[in-house]
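Keeping the supplied structure of chain F fixed, place chain U upon it in accordance with the hints.
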Amino acid sequence: MIIEKFFNKWIMVFLILIPTCGVIFDEPYFITLATKVVILGIAGIGLNLALGYCGLISLGHAAFFGIGGYITGILSFHALNDEVLFSWPIAVSGSSEMLIIWPIAILVSALFSFIIGLLSLRTSGVYFIMITLAFAQMLYFFSISWPNYGGEDGLSIYMRNSFPMLNTMDPISFYIISLFWLLFSIFISLRLINSPFGMSFQAIKQNEERVKSVGIETFKVKLLVFVISGTITGLAGSLYTDLNRFVSPTVLDWHTSGEIMVFVILGGMARLYGPLVGAAFFIALEQTLGSYTENWQFWLGLILILVILFARSGILGLFDKKLKYEK
Amino acid sequence: MKNKILNIKNLSKFYGAFKVTDEIAIDLNFDEIHALIGPNGAGKSTLIKQIVGSVKHDIGSIVLDQEDITDLNDVERAKIGISRTFQVSSIIPKFSALDNIILSLLNKSKETFQLFKNIRTNKELDTKAKKILREIDLFDKSDTLASELSHGDRRKLEVGLALAMDPKVFLFDEPMAGLDESGTKMMINLFKKIKTNSPILLIEHDMDAVFALADRVSVINYGKIVATGTVDQIRSNVLVRDVYLGYEI
Numbered sequence: 002m003i004i005e006k007f008f009n010k011w012i013m014v015f016l017i018l019i020p021t022c023g024v025i026f027d028e029p030y031f032i033t034l035a036t037k038v039v040i041l042g043i044a045g046i047g048l049n050l051a052l053g054y055c056g057l058i059s060l061g062h063a064a065f066f067g068i069g070g071y072i073t074g075i076l077s078f079h080a081l082n083d084e085v086l087f088s089w090p091i092a093v094s095g096s097s098e099m100l101i102i103w104p105i106a107i108l109v110s111a112l113f114s115f116i117i118g119l120l121s122l123r124t125s126g127v128y129f130i131m132i133t134l135a136f137a138q139m140l141y142f143f144s145i146s147w148p149n150y151g152g153e154d155g156l157s158i159y160m161r162n163s164f165p166m167l168n169t170m171d172p173i174s175f176y177i178i179s180l181f182w183l184l185f186s187i188f189i190s191l192r193l194i195n196s197p198f199g200m201s202f203q204a205i206k207q208n209e210e211r212v213k214s215v216g217i218e219t220f221k222v223k224l225l226v227f228v229i230s231g232t233i234t235g236l237a238g239s240l241y242t243d244l245n246r247f248v249s250p251t252v253l254d255w256h257t258s259g260e261i262m263v264f265v266i267l268g269g270m271a272r273l274y275g276p277l278v279g280a281a282f283f284i285a286l287e288q289t290l291g292s293y294t295e296n297w298q299f300w301l302g303l304i305l306i307l308v309i310l311f312a313r314s315g316i317l318g319l320f321d322k323k324l325k326y327e328k
Numbered sequence: 010m011k012n013k014i015l016n017i018k019n020l021s022k023f024y025g026a027f028k029v030t031d032e033i034a035i036d037l038n039f040d041e042i043h044a045l046i047g048p049n050g051a052g053k054s055t056l057i058k059q060i061v062g063s064v065k066h067d068i069g070s071i072v073l074d075q076e077d078i079t080d081l082n083d084v085e086r087a088k089i090g091i092s093r094t095f096q097v098s099s100i101i102p103k104f105s106a107l108d109n110i111i112l113s114l115l116n117k118s119k120e121t122f123q124l125f126k127n128i129r130t131n132k133e134l135d136t137k138a139k140k141i142l143r144e145i146d147l148f149d150k151s152d153t154l155a156s157e158l159s160h161g162d163r164r165k166l167e168v169g170l171a172l173a174m175d176p177k178v179f180l181f182d183e184p185m186a187g188l189d190e191s192g193t194k195m196m197i198n199l200f201k202k203i204k205t206n207s208p209i210l211l212i213e214h215d216m217d218a219v220f221a222l223a224d225r226v227s228v229i230n231y232g233k234i235v236a237t238g239t240v241d242q243i244r245s246n247v248l249v250r251d252v253y254l255g256y257e258i
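Residue numbers (this note's numbering), protein chains in the order written: chain F, 2 to 328; chain U, 10 to 258.
Only chain F is shown next, with the shape it has when bound in the complex (with noise of 0.2 angstroms):
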């Protein structure tokens, strides 16, 4: 614990470093690089939370991350156009303040992950990663289906949205944003799992039985977890499309779900740091590997099968003394 403590420090010193390097440089590529792991790993800190540390396995994140997505392109893509969204019962205009989406992007994440959770938390194992699988796939169609907001070939936005006082087209400035963003959801994931909530939760995963027959309402306590979740998740879907200024039915698809998934095993389960690291990783494959073939996906499979079957704690799991208690 203690060794996995420091390696969380060096991972927040190269949060500062690899930026600063791209700017000393001037290779606005690593800054960029650097923003996709610190949004994806927000979005997989958001999946731990119901992964992780509640053993909610969801498939459905991808519907949380492209809502997130999709109400940032919509609101851009009416502030730009200078079109009303919406006219009645009031007419409500689009907005490119980043101030005013991320609330509205928020509490949609939010209110639909109620609703996802809502129903799917009435089964459990493998029907609840098939009932949120198609909770994903149906938001996914339907964008496919949405001629008004680019249907298949998506949406772009020309331009970043704004935040006082920056330039959210400068590389730095936008990765500074997104830098806040994952401090803060690292720190709500560490309130979180220290509170008498988070213990409740964390036991849910161990015993559902158990916890019940203390008196814990279970289902409202992995709903809760499932919604603030499916909120953090939908954050980074917002920040994700003002990061490539483009937003598609492909934030949606199941492979997203997969791709976040993978972020949290690869860095390790319940592990605060896990995701970030899953996805530098992820990333850091995609470049390398990537440059040497389209298939660097079958590699990533290979490393997948062997922490599954030999680092089950993933990576930070390798420098944590306590690796013989996890299962």
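FYI, nobody ran anything at the bench for these hints, they're computed from the structure.
Treat the hints with care, as some may be off.
Calculated cross-link-like contacts (lysine-lysine; reagent style DSSO-like; alpha-carbon spacing at most 30 angstroms) [to be verified]:
#	chain 1	residue 1	chain 2	residue 2
1	U	LYS233	U	LYS28
2	U	LYS201	U	LYS88
3	U	LYS233	F	LYS221
4	U	LYS132	U	LYS150
5	U	LYS139	F	LYS6
6	U	LYS140	U	LYS88
7	U	LYS194	F	LYS221
8	U	LYS137	F	LYS221
9	U	LYS194	U	LYS139
10	U	LYS140	U	LYS103
11	U	LYS126	F	LYS6
12	U	LYS132	F	LYS6
13	U	LYS150	U	LYS201
14	U	LYS126	F	LYS10
15	U	LYS65	U	LYS117
16	U	LYS177	F	LYS221
17	U	LYS88	F	LYS221
18	U	LYS150	F	LYS6
19	U	LYS103	F	LYS10
20	U	LYS201	F	LYS221
21	U	LYS137	U	LYS201
22	U	LYS119	F	LYS221
23	F	LYS221	U	LYS65
24	F	LYS221	U	LYS132
25	U	LYS18	U	LYS28
26	F	LYS6	U	LYS103
27	F	LYS221	U	LYS126
Covered by chain U, according to a simulated footprint, are these stretches of chain F (three or more residues, beta-carbon under 8 angstroms) [as the list claims (entries may be wrong)]:
#	region
28	187-195
29	209-217
By construction, the Cβ of each residue, glycine as well, lies at the ideal position given by its N, Cα and C atoms.
Below, chain U alone, put in the same frame as chain F:
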């Protein structure tokens, strides 16, 4: 009726044509330990599961402290004061013994949905949990992971989890199974002490412990209560000797 904290009437559960429990009528008085004995497969644990609500019964009613709880689910029943131990130890394996007890204290202290309060700074929960660990003789293993406790210590921890809930009734399912002599002695003394606050419905195969503790004993066989009485009445009951004890005591 006023003396009864728990009153079960006509409780039946069918699996197809097979009756697991058959018109069970059993009650629990205040300040009482009521032991439920019977051969393996007689329906004792299924009865416990029906009382706590984890198995839904088909017919019958359950009244706890003048309140009909028949239609409540397992969590609601636990919240209003039914506390249990499991036949096979059921604990939170990757939590320490202390954290297992703290978890059990959350509902009563209404802390479950405290999202951002650090549980480590809650001195009240910590003090209460440590007091319970002392009572069950596990204080020196407070920080030991539950999965690393011996079988006997896990049984004690289960009882500790039940105690932490400060319930109206305890349902103990073979709490002394696998305990050594000193462990059993500790449990007997503990049960005698706690029954004044919350009566106990006790399933136990250790007859010495049952006869040392029980104010009343009911015998269950093939899902039916075949006898209820004091220890002396049960000891001298010919039918009970035939179906369960199998020898003269």
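Quick rundown of the hints versus the structure:
1. U:LYS233 with U:LYS28: holds (9 angstroms)
2. U:LYS201 with U:LYS88: Judged against 30 angstroms, a Cα distance of about 24 angstroms means the pair holds.
3. U:LYS233 with F:LYS221: violated (37 angstroms)
4. U:LYS132 with U:LYS150: Measuring from Cα to Cα gives roughly 19 angstroms; hence the hint holds.
5. U:LYS139 with F:LYS6: Status holds; Cα separation ~29 angstroms.
6. U:LYS140 with U:LYS88: Holds, at about 22 angstroms.
7. U:LYS194 with F:LYS221: Violated, at roughly 40 angstroms.
8. U:LYS137 with F:LYS221: Judged against 30 angstroms, a Cα distance of about 26 angstroms means the pair holds.
9. U:LYS194 with U:LYS139: Holds: LYS194 of chain U and LYS139 of chain U sit about 21 angstroms apart, inside 30 angstroms.
10. U:LYS140 with U:LYS103: holds (21 angstroms)
11. U:LYS126 with F:LYS6: The given pair, whose Cα atoms are some 22 angstroms apart, holds under the 30 angstroms limit.
12. U:LYS132 with F:LYS6: holds (26 angstroms)
13. U:LYS150 with U:LYS201: holds (24 angstroms)
14. U:LYS126 with F:LYS10: With Cα atoms ~24 angstroms apart, LYS126 of chain U and LYS10 of chain F stay inside 30 angstroms; holds.
15. U:LYS65 with U:LYS117: Distance of about 25 angstroms is within 30 angstroms: holds.
16. U:LYS177 with F:LYS221: holds (24 angstroms)
17. U:LYS88 with F:LYS221: Cα-Cα ~14 angstroms, so holds.
18. U:LYS150 with F:LYS6: Distance of about 26 angstroms is within 30 angstroms: holds.
19. U:LYS103 with F:LYS10: holds (25 angstroms)
20. U:LYS201 with F:LYS221: violated (37 angstroms)
21. U:LYS137 with U:LYS201: Given pair LYS137 of chain U, LYS201 of chain U holds - Cα atoms ~20 angstroms apart, limit 30 angstroms.
22. U:LYS119 with F:LYS221: Holds. LYS119 of chain U to LYS221 of chain F sits at ~14 angstroms (cutoff 30 angstroms).
23. F:LYS221 with U:LYS65: holds (21 angstroms)
24. F:LYS221 with U:LYS132: Within the cut-off at roughly 26 angstroms; holds.
25. U:LYS18 with U:LYS28: holds (16 angstroms)
26. F:LYS6 with U:LYS103: holds (20 angstroms)
27. F:LYS221 with U:LYS126: At roughly 18 angstroms apart (the allowed maximum being 30 angstroms), LYS126 of chain U and LYS221 of chain F satisfy the hint.
28. 187-195: holds (count 3)
29. 209-217: Held - the region 209-217 of chain F has 8 residues with a Cβ nearer than 8 angstroms to chain U, which meets the minimum of three.
Going through the hint list in order, the structure does not satisfy hints 3, 7 and 20.
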